[in-house]
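**Q** For reference, the chains in residue letters:
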Amino acid sequence: MQTSRKAVSGTTIALVVVIVIVIAGFGAYVAFYTPGPTTVTSVSTSVSTSVATSVATSVSTSVATSVSTATSVSTSVSTSVSTSVTTATSTYLAAATINGAGGTLVFPLMSSWIFGFTQVQPNIEVNYSPVGSGAGIAQITAGTVNFGESDAPLKTSQYAALPNGSTLLTIPVSASGVVPAYNIPGISSTTHLNFTGNVLAGIFLGDITAWNAPAIAALNPGATLPSNPIVVVHRSDGSGTMYAFTQYLSDSNATWRTKVGFSTSVDWPTGIGCKGNAGVAGCIANTQYSIGPLEIAYQIQNPGAINYGAVQNHAGHFVLANLTNINLAVQAGASSGLPAGNAQWSSFSIINNIFNDSMDTQVYPVTTFTYALVYQSLSASYAGTSNAQAVGLVNFLWWVVNSGQNAGKNIGYPSLPANVVTLDDTTLNSITYNGTPILGS
Amino acid sequence: MENGDLGKGTYRRRHLFDRIMTGFIFLAVFVAVLPLVLIVADVVIQGGAELSLDFFTKLPTPVGIAGGGIANAIQGSAILIGLASLIAVPIGVGAGIYFSEWPESRLSAISSFMNDVLAEFPSITIGIFVYIIIVLPTRTFSAVAGAAALSIIMIPIVARTTEESLKIVPVSLREASLALGIPRWKTVLRIVISTGRSGLVTGVLLAIARATGETAPLLFTAFGSGYFFNSLWSPIAALPLTIYTYGTSPYSDWIAKAWGAALVLVGFMLILNLGVKLLIGRRYAGVRAEI
Amino acid sequence: MAERFKLETGLTTARKVRPRRFGGDQILKGLVGAAAIFVVLLLIALGVELTEGASLSLTTFGPGFLIGTTWDPVHEIFGALPYIYGTLLTSALALLIGLPIGLGVAIFLTEKVRGSKLFGYALGTLVELLAAVPSVIYGLWGLFFLSPVLKTYVETPLHAYLGFVPLFASVPFGLDFFTAGIILAIMIIPTVSAVSRDILNAVPNSQREAMYSLGATHWEVIRRSVLPYARSGIFGATILGLGRAVGETMAVTFVIGNTPRITASLFSGGYTLSAVIANEFAEASYPLYVSALIEIGLILFGLALIINLFARLLIWRMTRTTRFRV
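Protein sequence lines, in the order shown, are assigned to chains A, B and C. Those letters in the first sequence? Residues 1 to 441, per the numbering used here, in order. Those letters in the second sequence? Residues 1 to 291, per the numbering used here, in order. Those letters in the third sequence? Residues 1 to 326, per the numbering used here, in order.
Output of the computed footprint for chain B on chain C, the stretches with three or more beta carbons under 8 Å from beta carbons of chain B:
| # | stretch |
| --- | --- |
| 1 | 32-39 |
| 2 | 119-129 |
| 3 | 135-148 |
| 4 | 230-244 |
| 5 | 278-290 |
Honestly, the hints are just simulated from the structure, not real lab data. Glycine included, every Cβ here is placed at the ideal spot set by N, Cα and C.
Just chain A, same shape as in the assembly (with noise of 0.2 Å):
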């Protein structure tokens, strides 16, 4: 029986592991024929003709000709970068590949600001991982990436499990909204409801069951609401989207404050969570009469697909979100009380701030900084940063507060007002390696 058998088991056996190690290989001859940095330079050239000719921010400032298509700000932005990068571009930075992990709130506009650096600094590699911002700041502690990012500051505690002796840096890099989107049958598009930070507590809460309940109809006199039981939607994963909407709640609500409290997660009273902004968005275009907390990016993104309510300030005026009034939060919350890159963030809170200016009629409440970690001193000893690693690391960032912050326009996220870019420059400014400062000013 076995001798009439032509095929044999060993062979067999040696076959699918040759398969297998043909497929490892072929990936290893692309990689050893296709090394980093100068792979990254051609994509770059190749690209960034097409990038001239579209219809691009102002992400590629080494190229003046962009500035006659930019507005009156970028004007002014790129001048003042000029004198302290110019030297930086006109000679390129020594290669390095740089890591960041943090929160997914700023991944799309973290791509285009890693796209638009390496237009300027084609062998600095960037790699961000959207892994959460929790997650941002635990690795940026343990040290196996170069920054963190995250969509709130770090508590007390966690400033507590820094490595001895190390100072972490705190810079807002940019900013969100977030709007309450609902699915209502029977109201239009065009009908925007009117929310208070209480009704949506008590909606959130559980308390306010209806959609024609008196505490939503006096808010909205104008429409027809109907009687049908209010579906609550939230996220089921931690974010700092969350992080934002129930600190407004606790601001705006004491049952919430003590019952809920705020965090990137809570226990939610009621509704059911959906993974992700996405599964936020398709709970509720799913789910007739519900409502649910959404990034104003995803709205804007998806105009039409999504209705969405305004929301009450502290001035009484309801604001529908967009970037103009989300960027004059961002400038209303920053006004005051930011405390220095070097200093402790546990206690800052802009939704905090933008909740106790009455002044300003047209600023949107639900708004939120995401920040970057760097450590103060980067050396060798300490997270193994390289030098390169350490210049291409603090450039990138200066390019992202100074030079990036268009890029969100259209994607959108507001851009930082100029106090808190000020405040970020000099926070880098004081970014030592082994301990000289990196940025020459």
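Mind docking chains B and C on chain A? Use the hints.
**A** Only chains B and C this time, still in chain A's reference frame:
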């Protein structure tokens, strides 16, 4: 079989029952195939529009900028799977052989039990485990860590299927071989494995399919990257990570890329499946152990 | 002692027969034994690391963690009972639906498509391809397609007409135990069917022929001789399917509603152990939180141990005699 059991009832009743069960089996196949067709159709329809030469050869671009592709994710996945298979297949097949050939030993009982427990581990916990034992000490995310996590997921599948396919090889084959004086190791390697090879191959392919589609274990190990493969000890891109980050974003061009990447993944598995089976020369219907 | 034996039939033994102290046999046993030991070591390492990571939570909550029903990261209260319930319920549902269907497909492929090899080949490959679909895609497909379909055509009518039955008592939103169970069932079908198919193919024809010769119908042949012969292999397929169902993180969290709840109703939102780790681990911002999530991983470890222990005892009782088949 109890004596006289088959004679119970009229022939018509048994025949009817047979027809009903056949109907159930057809129904089962229909129910199984329906979501399959829907999902694959969804992937093909939504992802098909994305396929282009650029998609396969370019690096990813940010939102709003056209072009760009997932070349690094394809390369990264291939490297990760290749590495993971190099680790998992020998260990899994080896363990499976041990479970089936020396079942009476205590090590076999304990290890095969542990293997089953390992099969039920959530992939994210395995990712966290590899993070603790590889990423933290080496202070970097790496392809090695990603491959390690994937191989831990693959080993129980390969081991279990190997064990089962070898166990079902009739003892008479083994005895005949030994009676001819063929040493035990040759019997196992050449005869038993050869007879059970189709099950073995299925197990390996299933394990590879599972590992290729896993996202959670790669989040804290391989980390993801926007660039081509650099070194085994630095972060590496992978298709499931791309699908996860792009697919759950609000940008329609990114979501389209996620479906395109999913199509590439499924397509790759299809090619692998077909290729291996063609090479091994196995046929599906009609192969029976003739004893 | 070493000599070639000339047998009565005229054949000569293939090689010199000599007892060896260190030869191929020992090498093979050593190598594969090492692989088996590696599996044990791997699991011990997993257990140790999990226990270490969960130690803070273990000491803080003790056994109360297992029966606690509150999970409040803000007030630092953690309890895992709703998640345990959700995992058990969805896995049971997944096995209940996926196992028969997977087996049915395997039986179909091995018994019913003898004639057309290409069709069987195509169908088999197609089903195996389901295993390659990434779990995120399952999740997205489940959220945007399956959940609304199930809600409209299955859950709402069932709730309307049979709402008095506790199983269907909640108002259905499509994101619940039921949808999660169905998605998991779909995900384990390729594993169960692929493994079962190889096992069923390997059942010798003599078994079938013997039954046919006694006048059995096709189904009786399957049920009474093929399936029992393949019992161990099918059990192996079950274990692998169960493994996928219990350990699945991504797809479940898209469709289960992610609310920690213990209720008899299938149409209520729920939560599983794997889903809560997947959702919250990345954002866990303080050590007790991280430790609690790792303890959930430890609970899964324990669950897997218990389930497998019971299953092994069951199988051991059923297949008391030799493991090898004639």
